[in-house]
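Visitor: Now for the letters of each chain:
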Amino acid sequence: MSEPRKIGVFICHCGGNISDYVDVEAVRATVEQEPDVALARTTMFACSDASQQEMIEAIHKEGLDGMVVASCSPKLHLYTFRGVADRAELNPYRYVQANVREQCSWSHREDRAGATQKATAIVRAGIAKAAASESLENFRVETLPAVLVIGAGVAGMRAAISLADLGLAVHLIERAEHPGGNLRTFGATFPNNRSGSELIQTLLEEIQQRETITLYTGAEVIERSGSAGTFRVTVRLSNAETITVPVGAVIVATGFDSYTPAEGEYGYGLPGVVTLPEFRRILDESNADGQSSAGPITVGGRPIKTIAYIYCVGSREAEDENRTYCSRYCCTATVHTALLVNARDPSVNQYHLYRDMRTYGKYELLFEQASRQGSVFVRWDPDQPPEVRGGGKRLLVSAADVLDGGDRMEIPVDLTVLVTGMVPSANEALVDTLKLPLGKTGFLNEIHTKLRPVETVINGVMIAGAAQGPKTISESVASSLAAVTKSAGLLLKGYVDLEPFVARVDAARCTGCDECLTACPYEALQKITIDGRDVVQAIPSLCKGGGACVPSCPEEAIDLMGYTNQQITSMIDAFAREVEYA
Amino acid sequence: MPEAHIARTGPRILVFSTNPISDPGIDLVGSAHMRYQPGVVTIPVPCSSGIRPSWLLHAIEAGFDGVFIAADGGDCAFVPDCTTRTAKIVDTAQKLLTEHGHDPQRIKMAAICSVCAEPFVNHMEKFSAALEALEV
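Chains as they are written, first to last, in this note's numbering: chain A, 1 to 582; chain B, 1 to 136.
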């Protein structure tokens, strides 16, 4: 038996995300007894700077030769803690992340005993893996200085321009016939009344000035292969031809659709009941310069003198679990629309039937301005939603004002505007082709809402704009520029360091039977002669690290680094041991 | 003795998941506030086509009641015929189990995608029930 390892174990409370459901102190005291463990500590937030510093000091002070952090999914912080090991001059591949949050505390919230027992087993398996780990070095692969941007709305177009200015070639593809997305024909936008169609036109001119951007309209992604730095994406063009573009990264900026109310939802379908986007089209089309020209507003030939806006239509729905969210842009968009209406015809009466007014940040000024101009705000409760009735010449909208004792008021109006939020755009084929991760509401999902907000679990694939969730134009552009930065960060160096998890053949056990040669589709295994014996050798630069060759070997002579036979079997043994608390 | 020390109930299942595909799917169970029994533990590997059949036998002999391979299915980025390869591994492992006097039904495989939280929970429920039936 060799000397015991000196492994440091850090068990994270994650605030309470772990420790509310797992007795982390019991886990710590138990795993501390493992022969290979030199120290075991708990920490409030393992990912905090202070905690990382503590780990670095412990590695130096105790001379640790392995580390386990029991915290969240490795999808979040594997690289954080590998980085910690690296900064402490501990080989990063002697670090093992034990997932005790997503796969333990959060999955067993009602079973503290079971969760604690399982967490202990997970940490022990991590220790077993770390104990069987060895130092490994990365492999370097050259990256392609090109990015595929999917969706030519404001987010995708803005991304394309910035990528080109950083020296990266851009393939910008748009499913529709014209670029521009939701803003293409849009009039005045908040907060500065700049017209959406003008914004798009400006971006389009910028794109046309850059030779390194290629715009394809009427085009769709149909296939993706390769990995971060060296993707190959097949695109079907409008003329039905297909092309394959080699790119290092992909930015998905596919935008949103507006919620369409059901027939009869707040009177939708009655003459004079329209959604906010429909009303904006009516305003924009009747108004060539998009904003302040004066004159009465008419809809279908009828003059509009009184408008009711019903907020939160299709948003914040308790009953429909896909639409529980707030679309965040609509309150501001509606008060801004009221300002546009007032500029056109100050005699129009405007009633805003709202649940909560979320004109956040600087947009609060627009709300104030609308109030000063005479817009009336009526707050309703979801238990008593407004009702819209037709029949006569005008519509009758009734609402119980919760700020006025809950008395129901009836407002005869010429137009009812349903303030509809954003829903995910219909992109099933793209989501399937790229294997994009979706959140519960159907929008694209980032790795970490705060720390990695534009990256996805698919290395090299970023998300931008409202494809990720409801966003204003400014927020969409901010996220698109973040996606540009992450893509450029990946590609401008010119190489990526690939993880060293490649196949290794034990030449002493190899009989040269060739079984593995047919198992590998990448020709990463080659026959060589050592001391007159034919044996197989793995070529690290060709190996993709899937491990398909591993079970093909009748001699069990192939190991995948990081997942060796010794590591996996010792993890199984560690998991199988009964947990008895220290 | 900590309050947590209570005997585990239900079958013990070892899941082999895959880093790019099924492990995020199993993560999502927790993120989405769903649940399965804590007797289920996971070893993530890069691809389900790289699992040694001997590991499955090893798990059963070490005391697990069942082994579930959360396979990549058609989403695999490593090998296009991942499902066929993984099925072959399951087949070999089942034969190994039979040779060693274990019921081959202790091994199960299903494709679990990166957002397949609910299917995973359903598979765990069904597999647990099947394993409990075996033990009678």
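Hints listed in this document are in silico derivations from the structure and should not be mistaken for laboratory results.
Note that the structure is a prediction, hence the values are computed from the model and not measured.
Hints are supplied without guarantee of correctness; some may be wrong.
[What the hints assert, rightly or not] The calculated DSS-like cross-link candidates involving lysine-lysine, where the alpha carbons are at most 27 Å apart (straight line), are:
(1) B:K88 to A:K527
(2) B:K108 to A:K75
(3) B:K95 to A:K435
(4) A:K75 to B:K95
Visitor: Verify the proposed pairing of B:K88 with A:K527, using a straight-line Cα cut of 27 Å.
Guide: OK: B:K88 and A:K527 at ~25 Å, within 27 Å.
Visitor: Is the Cα-Cα distance between B:K108 and A:K75 27 Å or less?
Guide: 26 Å, holds
Visitor: Need the status of pair A:K75, B:K95: alpha-carbon distance at most 27 Å?
Guide: Given pair A:K75, B:K95 is violated - Cα atoms ~35 Å apart, limit 27 Å.
Visitor: Decide if the proposed pair is consistent with the structure: B:K95 and A:K435, CA atoms, cutoff 27 Å inclusive.
Guide: 34 Å, violated
Hint compliance for this structure: hints 3, 4 are broken, all remaining hints hold.
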